[in-house]
Structure formats: C-alpha cells, structure tokens
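Participant: In the order they appear, the protein sequences are chains A and B. Heads up: the first sequence begins at 1 in this note's numbering, then just goes up one per residue. Heads up: the second sequence begins at 101 in this note's numbering, then just goes up one per residue.
It should be emphasised that the hints constitute simulated quantities derived from the structure, not laboratory data. There is no bait here: all hints are sound.
Here are some chain B residues pointing at chain A (derived, C-beta under 7 Å):
1) ARG199
2) TYR298
3) ALA317
4) TYR323
Ranges between beta-carbon positions, derived for each pair:
5) B:GLU297 to A:PRO56: 28 to 38 Å
6) B:PRO293 to A:ASP57: 30 to 40 Å
7) A:PRO56 to B:ALA429: 42 to 52 Å
8) A:LYS87 to B:PHE213: 47 to 57 Å
Ideal Cβ placement from N, Cα and C applies to all residues, glycine included.
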Amino acid sequence: MRGYKELPIGAGGAWFSYAFGGGGGTVVSTWSWRSFRPVIDKEKCTECGLCELFCPDHAIVRTKEGYVVDYEYCKGCGICAHECRLKAIEMVKETFLEEF
Amino acid sequence: MSVRKLLSGNEAAAYGAKLSRVEVIAVYPISPQTEIANLLAKMVYEGELNAKYVTPEGEHSVMQICAGASAGGARTFTASSSQGMAYMTEVLWMVPGLRLPVVMCVCNRSLSFPGKIKATHSDSLMHRDNGWIQLYCENSQEVLDTCIQAYKIAENKDVYLPVMFCQDAYTVTHTSIPVEIPDQKMVDEFLPPYKHEYVYLDPNQLQEIIFGLEEEAETEFRYQMEEAMDNAKKVIREVDDEYGEMFGRRYGGLIEAYRCDNAEAVLITMGSITGTAREVIDEMRDNGKKIGLVKLRAFRPFPTEELRKIAEDVKAIGFVDRNFSHGSAVGGIGGIETARALYNTKNKPLLLDFIIGIGGRDVTPLQVKYMAEKVLQAARTGEVEKEVEWVQLRV
Numbered sequence: 001m002r003g004y005k006e007l008p009i010g011a012g013g014a015w016f017s018y019a020f021g022g023g024g025g026t027v028v029s030t031w032s033w034r035s036f037r038p039v040i041d042k043e044k045c046t047e048c049g050l051c052e053l054f055c056p057d058h059a060i061v062r063t064k065e066g067y068v069v070d071y072e073y074c075k076g077c078g079i080c081a082h083e084c085r086l087k088a089i090e091m092v093k094e095t096f097l098e099e100f
Numbered sequence: 101m102s103v104r105k106l107l108s109g110n111e112a113a114a115y116g117a118k119l120s121r122v123e124v125i126a127v128y129p130i131s132p133q134t135e136i137a138n139l140l141a142k143m144v145y146e147g148e149l150n151a152k153y154v155t156p157e158g159e160h161s162v163m164q165i166c167a168g169a170s171a172g173g174a175r176t177f178t179a180s181s182s183q184g185m186a187y188m189t190e191v192l193w194m195v196p197g198l199r200l201p202v203v204m205c206v207c208n209r210s211l212s213f214p215g216k217i218k219a220t221h222s223d224s225l226m227h228r229d230n231g232w233i234q235l236y237c238e239n240s241q242e243v244l245d246t247c248i249q250a251y252k253i254a255e256n257k258d259v260y261l262p263v264m265f266c267q268d269a270y271t272v273t274h275t276s277i278p279v280e281i282p283d284q285k286m287v288d289e290f291l292p293p294y295k296h297e298y299v300y301l302d303p304n305q306l307q308e309i310i311f312g313l314e315e316e317a318e319t320e321f322r323y324q325m326e327e328a329m330d331n332a333k334k335v336i337r338e339v340d341d342e343y344g345e346m347f348g349r350r351y352g353g354l355i356e357a358y359r360c361d362n363a364e365a366v367l368i369t370m371g372s373i374t375g376t377a378r379e380v381i382d383e384m385r386d387n388g389k390k391i392g393l394v395k396l397r398a399f400r401p402f403p404t405e406e407l408r409k410i411a412e413d414v415k416a417i418g419f420v421d422r423n424f425s426h427g428s429a430v431g432g433i434g435g436i437e438t439a440r441a442l443y444n445t446k447n448k449p450l451l452l453d454f455i456i457g458i459g460g461r462d463v464t465p466l467q468v469k470y471m472a473e474k475v476l477q478a479a480r481t482g483e484v485e486k487e488v489e490w491v492q493l494r495v
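Please take these sequences and the hints and turn them into a complete structure.
Facilitator: Okay, structure coming up:
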C-alpha cells in the first residue's frame, strides 16, 4: 500500500481511464469486473456502429479491421450484445473465473 | 492603462473573468447571477473575449463541463447561486477531489423554502466541507480583484483546489460603485497561462473519468487535500501581497483587521455587512470605544492562526453570521468555527453570535452599533448575556 506522499496528486491522477492506450496518469484497468466477455462475429457484423454508440465505457471502437472490443476496460455489462440487431455479439463466459 | 468604470458586482465578476483570459465558460442563468452570464456571452459574441461559451441544460452539467475543460487544460469559469449550487452539489464534491482549479463566482442567495432571491450565505457555506476554497467579497472592486487572485491561488501547484469567490445578492451583485479595471498587460504579467502539472485529459483521445480506485486510498487522497488547504493559507497571503504590490490594492490575505489596535472587543463580519460595519466602528472608535472589526475574507481555509492572534488581546468576540445552522451546537456557522478555532487557546475571549441579515434583510448601522455595544458589554462585565441572538427577529 502506498502512503499519501507516494500517491499521485489528487485522485484525479488515478481516476482517468485511458481507453486504447492513451498516455499519462495512472491507468486503472477494469477488466476484472467482468464475468462474461463480448465476442464480435465478423461474419455477421455489418459495422453499423450501434455497439459503439451504446457502450457506456467507450470500450468498443472502430478500427480498420472493423469494431474491436478493448478487453482491458470492458466490464462485461452486455449492453452491446443486447442492442446488436444482427445478434453478432455473443457473451462468452470468462475462463479466468474457473481458474480459481 | 487601467480604467475607472461604474460596475456592479456582477459586471466586475465578468470583467475579472475576461481579464483572467478564461478559455471555457459554462453557465446556467439564475437570479442574481444572470447578469454575469449575459455580459460574458456578449463579450464572447463581440470577440472581446476568446473563449468557448457553453450553455448546458442545468448546473449539474455546468460543473461537469467545467471539470472536463479544466482537466483538458483550459482555464475555466462559471457562476451560480442558491438552488443552482444545490443542484450542482454532486459535482462540487468531484472537482476538488480531482484537484482541478475551476473558479466559480457565487452570488450568495437564500435557499428555498422559505428563502427567495436575496442574500444569505447558506448556499456557499453548506459546501464548506468538500475542498473548495471560499473567499467572501465586500464590494465590486474586491470581486474583480478576487477573481484574478482566485486563478493564481487555484492554479498554484501546491494548492490545485477550486475556488469560489462570493458576493452578496443585490447588495453587491446589483450595486454599482466606481471600480478600477486593471490593465490587461499587467494582469497577464501577474497571471501566467494555465497548465496543470499532474492532470491532463487529452481532448484528442477517447478518455473518460471513472469511479473507483485501484486501492482504497480515500484517506490518503483526503489528507493530500488537507495539506493543499494548509498550503492555500500561505498562497492566499502571498498572492494578495503580490497583487497589492502590482495593483495597489490589498485585502489582508485571509482576514482584514480593521482598527483592532488596543481593542477590547471585536466584531467579525463576512461580505457586504463589512462596509456598513466600517462606518460604525469608525464612529465608535472616534468616541473612544475600544472596538475593532475583523473581516473574514477566507472561510476555507479558515484563518485559525490569524483569529488566535487577535483573540490574544481581546476580551470578547462577536460573530456576525448571515447564515444559520438549525439545531447546531450554538448559533451560526461562523460562530461555531470560531469557537473551535479558539477552544484550546489560553485566556480565550467570550464569544457571542449574532444571526442577522437573513434573506437579504438590510443590516443598518444602528443594528451594527447594537451588536458592537453587546460585545463591549460582555468584555466589560465578563459575562455573556445571550450566546446567540437573532438580532432582527420580530416578536
């Protein structure tokens, strides 16, 4: 545990979540909150962008290879899978849960 | 060249923001603050001020935008009052925690119900625990000067806390007095551009501010803020001195002691009541009464050291509270804080508390004189007749 002198000034330094590898600050990952992970089926996906719009944590972004989930920050809420009109996103149980 | 103009407190706040070269302004109008929003909008529209002017749907969003802009490296300004600030409360706690130097002008107004739109200090004082620095201004000139000072205090790297500077509804916000507007070049020299050393939210990156810490470290983060508040005391004094040297106007740092030499008793005031009290104290002093006046300029950080020093020499202190705390230990918020500040000192003076000016009711010279006489009486007899007195109460 770090003392108050070692901690970055202000909770601010620790509270910024840098989706997709932004610089600076202390990165707080939120992947461990997840028990299911969204997996996008590239065959079914038409890149409509609904999942990106609905993701409450900006954990889905558009890349040249289509939509990609940032598993460092995805909390596994499943909203993307619920909203996808083509059922192209499947919520798959995390394997790390079984490792314990 | 500095210019002299007839300015109300609201206009002075807008000019203060303009001179500080604010970059993002987010406001939602509310009486008695609306004039600030109007004037800044006009300045931006006419190209006098190069800033982004945002009009969100409510004060909660206003403070969110201020937080985001400040974290993104922009000097940020807002103004609010009463119900608006109450609506902002959630985010008002967030901003000091994120250590963002947002500056807000508060036009002190009563809270509903049964408050209407005139001055009571409760709207800002109820935010005294969350880490905002609070400065109270006596008149339009002080509003303008304090606005510029506020950025210098907030953006100091040993402080990095938001500042609210407060003015009384109508008695200051809508009362015009001749105000000296300092030269822009000199203000630029006094106040360098804003850059945060620790926090930076890149506007070109997809980023968000989230809840949750890796470790449960709220104790440590709160202690950092406690240290920052302590540093702020020194910084407020230094900034006021520096400002005085450059612009010729000083406000005494955290408090101003007015005619306190050899005083047996003092009255402590905040905000516009101070102006009236000065006249009364002058008259009483000239008639040989040993009474002094202390203007509490900073409520947060609380000027404990300064008040302890004053308490060494006086026999009684009267706190003039333009606020109330229903069911409190004894009296108004200022009185409670003063009592705690002096509790462990030797030979502590007697303490009287006066609740006055609630809902903007005019505080007359006669009423100030009444309070001063009461404090002098306590100093003379060594007894407190009434610990708390609602001076203007109609019975």
